[in-house]
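Number of protein chains: 2
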Amino acid sequence: MLEQFHVPEQDAVRVDEDSLRKMVVSLFEKVGVPSDDAALGADALVTADLRGVDSHGVSNMLRYYIAGFNSGDITANPLVKTIRESLATATLDCDGGLGIIIAPKAMDMAIEKAKHTGMGMVTMRNGRHLGMASYHAMRALDHNMIGICMTAVGPAVVPTFGKEPRLGTNPIAVAVPAANQHPFVLDFATSVVPVNKMRLAERIGSVIPGGWIADTAGVPIMQEGPAPEYAPGQLNLLPLGSNREGGSHKGYGLAGFVEILCGILSGGGFAGMGGQRGDSRHMVAAYSIDAFSPVDEFKAMMDEWMDYLKSTPPADGHERVLVPGQPEHEEETDRRSRGIPLHKEVIQWFRDISEELEVPYVL
Amino acid sequence: MLEQFHVPEQDAVRVDEDSLRKMVVSLFEKVGVPSDDAALGADALVTADLRGVDSHGVSNMLRYYIAGFNSGDITANPLVKTIRESLATATLDCDGGLGIIIAPKAMDMAIEKAKHTGMGMVTMRNGRHLGMASYHAMRALDHNMIGICMTAVGPAVVPTFGKEPRLGTNPIAVAVPAANQHPFVLDFATSVVPVNKMRLAERIGSVIPGGWIADTAGVPIMQEGPAPEYAPGQLNLLPLGSNREGGSHKGYGLAGFVEILCGILSGGGFAGMGGQRGDSRHMVAAYSIDAFSPVDEFKAMMDEWMDYLKSTPPADGHERVLVPGQPEHEEETDRRSRGIPLHKEVIQWFRDISEELEVPYVL
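In order, the protein sequence lines correspond to chains A and B.
1 is the number of the first residue of the first sequence in my numbering; add one for each residue after it.
1001 is the number of the first residue of the second sequence in my numbering; add one for each residue after it.
Simulated from the structure, these hints should not be mistaken for laboratory data.
It is possible that part of the hints are untrue.
Claimed, not checked - Examples of chain A residues lying across from chain B (beta carbon under 10 Å, computed):
id	residue
1	87
2	123
3	154
4	159
5	217
6	246
7	247
8	288
9	304
10	315
Computed from a prediction, not measured in an experiment: that's the story for all the values here.
Glycine included, each C-beta is placed from N, C-alpha and C at the ideal position.
All chains should be modelled from the sequences, with the hints used to inform the complete structure.
Here you go:
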């Protein structure tokens, strides 16, 4: 359902990725982000846009990041500290720095460790928004490694049988290389839907399917209908599985697992513990394929398996079976050639912010 | 819903865990399993029974294992080979040996590696039934480590938009130690329900909730009703999330992730590739808490977080919010004191098999 977040064609202006990258770099640099970091952050954002994950691209996130840098809620030039380290592991304190910039560096640490020991994992505390989790996981692909990335965020999800949100939407991303096939890339919130999708439904006043949210008494709403009114800022998202019979204890447990690996293992605390505004906690891990199996054999088997899944006879009403990462890969192919569609209002925002921050407008 | 598999009190005979362990050891030894292996396998089975996971205990699995050893589908005294190894990783060929016996040894390897490097992971190919996945994950607890275990099994789950099962129910287990709280133990099939629960519903002719299965055209059945008739042996279980709007692509992707880590990374192939009868592929991993954070601080924060989750105000119609591992912990406390309830028919089976195999009946 990538397309739910896409700009209607008549409102879209197509921009090429290089210009967009330059534009973002200038803005980041202007608010105090060092050049190399600005380039990293721009790549994370633009990659999300290229892959059709508009919810984590420039349109949705950049103004929030700029505001955060300006208010000091996000540290523009953080002093990232290694708190603890072993041959295969490390824990970093992010000093309030932005996840889209620090997590790639943490992944590079994990990759270096994995070259030596077979695998590497880095947890991060005191972080800020991670962006598209699969961006960081995918960094492992060129090294013939499997990449994993998770982030634990503020409470928006009710535990099974509970009526208050006590867990974040805590996404999990996995990236696995293949030979001739596109990589297997999984990237999903452990709630039924992410916050963005719910906010979008609220904004456009759309009817939402059953199974997405609980009512204010904590009871899963299993029929479609309009979103109920909550206390300001509150969302009672349901864990993946929706209700107990549908397996919501599994989504709840997965969200908890992410909290443990990101928040508790890093010493960074948990959702609801009362951290800094916008605080989030992350982890990245890299697994060297060569440490388990010959790389060529692994990749050939990935191809064979993905072909096997794609060749599943489709269910009535559907034309094809997809594998994780396929829609984003197809979108990326299209956008690399045709440009990234931005809403004309976003283009106007770029014009305005360029003028305000006195950086050249290059889109 | 542990209780769904429990023996009705009027049909139950309580046995103590030591006798049950001895009984299982004798039977395993008699069919050719070496003594140490027999003790390991008995511990895995009896631990499942103690924790109320009757689907993976003696009642449901032992006769299948004994038959497998006798037919040769399961190798009683396998020659387990290390195919590849690095500082933090290894791949084993299980030689058709039983997962409940080999996976604990693989976990011990992973734990040893984690002591040195911070974490360890072992994949296994050419394996047989793994039993209760959390048994293996929980082995890490006494070492102040986080344990993970997964197993990839034969096809029973339809991909999102597909009409034929091409993935296993591929469970994921996670065990995490706390200080005064019981451990956090998550253990779940990546389908909405496991095969056993579906077979049970078929057997007792019960109406099943919507969202568990697809019809023979691959369309998710979202209303409750009787199970449809499939081709012999076929089950069209739905991935966690049930349908696309409920997030089934997430459950589908998770099942695929398990297939990759267990089957493809070990070189053992994938569901539907045409392996040996009963073939399954596993992985275990151990993460040393001390490699990331001080153990005492981690465990204290686990306690605090689990208290926080348990203290969530309950939704209307519910009395309390549970955390993963809590029902099993409560069941274990009860069964350690009152004994393990076995169905009188299972007791009779033990009498019969003891006579047939000429081992002393000790229950």
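Quick rundown of the hints versus the structure:
This hint holds: residue 87 of chain A has a C-beta 4 Å from the nearest C-beta of chain B, less than the 10 Å allowed. For residue 123 of chain A, the suggested interface contact is upheld, since its CB lies about 5 Å from the closest CB of chain B, less than 10 Å. Restraint check, residue 154 of chain A versus chain B: the minimum CB separation of about 14 Å is more than 10 Å; hint violated. A cut of 10 Å between beta carbons decides the hint on residue 159 of chain A: the least distance to chain B is about 5 Å, and the hint holds.
Hint on residue 217 of chain A holds. Least Cβ distance to chain B is approximately 4 Å, under the 10 Å limit. Hint on residue 246 of chain A holds. Least Cβ distance to chain B is approximately 5 Å, under the 10 Å limit. For residue 247 of chain A, the interface hint holds, since its Cβ comes within 10 Å of a Cβ in chain B; the closest pair sits about 5 Å apart. Because the smallest distance between the Cβ of residue 288 of chain A and any Cβ of chain B comes to about 7 Å, under 10 Å, the interface hint for this residue holds.
The interface hint given for residue 304 of chain A holds, since its Cβ lies 8 Å from the closest Cβ of chain B, which is under the 10 Å cut-off. Checking residue 315 of chain A against chain B by beta carbon gives a least distance of about 3 Å; that is within 10 Å, so the hint holds.
The structure fails to meet hint 3 from the earlier list, while all remaining hints are met.
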